[in-house]
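Line by line, the protein sequences give chains S and A. Each residue of the first sequence is one higher than the one before, starting from 174 at the first, in the numbering used here. Each residue of the second sequence is one higher than the one before, starting from 72 at the first, in the numbering used here.
Please note: incorrect hints may appear among the correct ones.
Within a straight-line C-alpha distance of at most 20 Å, the following computed SDA-like cross-link-like pairs (lysine to any residue) qualify [unchecked claim]:
(1) A:K129 with S:E287
(2) S:K270 with A:V73
(3) S:K213 with A:V82
(4) A:K126 with S:G258
(5) A:K129 with S:V266
(6) S:K267 with S:P202
(7) A:K99 with S:A237
(8) A:K126 with S:M263
(9) A:K127 with S:H255
(10) S:K213 with S:A237
(11) A:K126 with S:E287
(12) S:K270 with S:Y205
(13) A:K127 with S:V266
(14) S:K267 with S:F245
(15) S:K267 with S:L193
(16) A:K129 with A:V73
(17) A:K127 with A:L115
(18) S:K267 with S:L248
(19) A:K129 with S:S264
Just so you know, the hints here were simulated from the structure itself, not pulled from any lab data. It should be emphasised that the depicted structure is a prediction, and the values quoted were computed from it without experimental measurement.
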Amino acid sequence: MIVDLIVGLLAFLGTIFVFLAAIGLMRMPDTYLRLAVTTKAATLGIGLLMIAAAIYSYDLAVTAKVLAIILFILLTAPVSAHLIGRTSYMSGVKLWKNSVMDELAGKYNRSTEELGSESRQNKGHTKT
Amino acid sequence: MVDRVIALDLVITTSIGFISAYSILFNKPDLLDVAMILALIAFLGTVAFTYYIQKKNK
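Please put together the full structure from these sequences, using the hints given.
In structure tokens form, the structure reads like this:
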């Protein structure tokens, strides 16, 4: 009885978070904002849904499988988000016009594909 | 171009959630193996697509 209630609540919250990720993918104005919304909300939603499945089944094998999936997603979601963000910055995707700051502005040389601090590059230029 | 990779990632992640909800609803926990394979494919696909997009821009 109360286990069903807990399972239903967790599955409902997980579905809500996945739904919010889908809405964010459609309505966010920028690639980077879309990336942020999608990664974080979908990871939390999947985690909640998986925990609901583990509690519902009440089985050690299923719980181990669910924990493996959650651990794998928690490990790989930030890595893939970083890869997508790095690729989109390096291929010249513009930021949203109301974005507050761009910490990499002027530090990425697109012709030589070097990413470093601006002062070090200037020092190298004056030395040569 | 990069938005499509994000959308593919979200589609696969949503299908993992769908499989989880299906396994609760019809009491079939064997389907969670498929969810694990899909999580693996999502990561590998993202890495491959970003690699080739970066290579194309050089």
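Violated constraints from the hint list, given by number and in increasing order: Structure breaks hints 10, 14, 15 and 18.
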